[in-house]
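Position chain Y relative to chain F; hints supplied.
Line by line, the protein sequences give chains F and Y. Position in the first sequence counted from 1, then plus 41, gives you the numbering used here. Position in the second sequence counted from 1, then plus 41, gives you the numbering used here.
One should not assume that every hint holds.
Identical copies go unnamed one by one, so any copy, or any two together, can satisfy a pair.
As a list, the in silico DSSO-like pairs of lysine-lysine whose alpha-carbon atoms are at most 30 Å apart [unchecked claim]:
(1) K346 - K208
(2) K181 - K203
(3) K203 - K355
(4) K280 - K181
(5) K203 - K97
(6) K258 - K346
(7) K97 - K181
(8) K350 - K203
(9) K332 - K97
(10) K259 - K355
Simulated from the structure, these hints should not be mistaken for lab results.
There are 2 protein chains.
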Amino acid sequence: MDVGADEFEQSLPLLQELVAGADFVGLDIEFTGLRSNLSRPQQISLFDLPSEWYLKTRQSVQQFTICQIGLSMFSSIEGESNKYVAHSCNFFLFPTTFGILDSEFSFQASSVQFLNQYGFDYNKFLKNGIPYMNEEQEKKIKHSILRGNWRVRSSLDKDQIKVVIDKVTQWLDLAEEGDQMTLPGIAGFQAFEVQLVLRQALPNIWTVLKEEWVIVKKVSQPQRWYLEHASCDQVSCWKEQILLSARGFSVFFQMLVKAQKPLVGHNMMMDLLHLHEKFFRPLPESYDQFKQNIHSLFPVLIDTKNVTKDIWKKV
Amino acid sequence: MDVGADEFEQSLPLLQELVAGADFVGLDIEFTGLRSNLSRPQQISLFDLPSEWYLKTRQSVQQFTICQIGLSMFSSIEGESNKYVAHSCNFFLFPTTFGILDSEFSFQASSVQFLNQYGFDYNKFLKNGIPYMNEEQEKKIKHSILRGNWRVRSSLDKDQIKVVIDKVTQWLDLAEEGDQMTLPGIAGFQAFEVQLVLRQALPNIWTVLKEEWVIVKKVSQPQRWYLEHASCDQVSCWKEQILLSARGFSVFFQMLVKAQKPLVGHNMMMDLLHLHEKFFRPLPESYDQFKQNIHSLFPVLIDTKNVTKDIWKKV
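Just chain F, with the same shape it has in the complex:
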């Protein structure tokens, strides 16, 4: 099952159930690049100590990003030994862009070739990727959302918001109390952003979100006060909702951590570095600290590369 931003929130309860019932979870991650083109002393060598490998790889992990995570939740079949049912999901991810956050990431041409070979759909990644953030970014966003004055970053956002305000202001001039208009094609964070800006700019309107439409209603000031303080639409609770949307895949990552299921992958060191950097915290400088963190997140890690090496040794 492919899961993008459009499907993610509604699939969360099912995902939580699958993780809770799993015996172990299989993991495979696709990246926009593996190793940056570094000059000689920074290149990976077979003679690197693990800590040297870590420091060199850390740099590439900070530069490239995750475009897809494949997870398979394996649960045993009752009464049948060594038989499992697997539920697999492909999550397309895209770094959260919201307010002050405008991330940059690199693409490596050879990785693009690799992904092409397997029919990767870039539109799913770049147009409908699920947002995510690590704890540090979450702290920043939380701070700016709670202060209610995050800056609109890209010039497009500014233009779009200008167009929307102009449109609503023109309509408002002739509208009567109770009239409503709709703004089509606004979804996700943008819908939250547009609503917040409109509500801040115009004291005699109220906004409601309905699928990909923002509905604007002309209201009196007492009505507005009432709506703002109604239990289901208090700004504080609404802000929580925005943060939940912006955290996206990180919400699921935290579920996965909490479930403490064995995590199984093949040649998964790179995957673990990315999991740490993208959903937990920026990679520490110390390799020991990284190992400690990963083991506290996932106490049981099984890398099938090591398993096969071990079997080969015995053979």
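Same frame as chain F, but now just chain Y:
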């Protein structure tokens, strides 16, 4: 008309004709990012001198890439003054990946949002982008092609080539002289690369390219010698052909330069920096040198931003 790698080579003659007949050429470029998130002293300021703006922008131009170039060839209608016919093409571009060349480029989340807003198709860019290179890269590639021993970069290429060699070797064991086999689904550079590797590895075969098929024929050594020295398949002429394919859009860029037509754009400084860096030479450190280069490439540049400013001043 959308033009990707698949359509590019065959549309070159028509493009050359359109450019030759044009009175002026309109230009608009889309990028994967505009301005890198720089720390304070490196940020663009309204008070920057043009040379300061240039040095700061140069850094972003090196980091981001062109994903699409829109060109419109305007030619006047005979006998009607101030009336033009415009032929417009959208070229999807992707940096050449070939042998030693494995480029990295960045994406900026806000630019992705911008491109999404206009329905940009990332699959056309990342799966079917026309290759290109500047003079410096061309020199490197030429050198490695002429020496005939470029390294295969990505692990996928290595795997693919291993599979192909295994397949051909197995077939060769049982084949008789004159027999032939086909390798399907190999196009573009890869087809050249596969053929060169096969011809180098196996002395008693010959290869021919037919659309997306590489045809392998078992031949005797004298036949092989003859085919290698036949006028239409001399390795040197073949290598020229590879280089022509790898140069891709740069071939058309050079046509455009040679035609010396006025180039018209809106707010086109960024576009000019990218044209210089991607198709001509890496941007020089000196702003004056950049201006000199651009004017020798395109003697007549018309920026409609300056035109409108001028009209506003007069009004």
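Inset, instruction - Hints the structure violates: just list their numbers, smallest first. - result: 6 and 10
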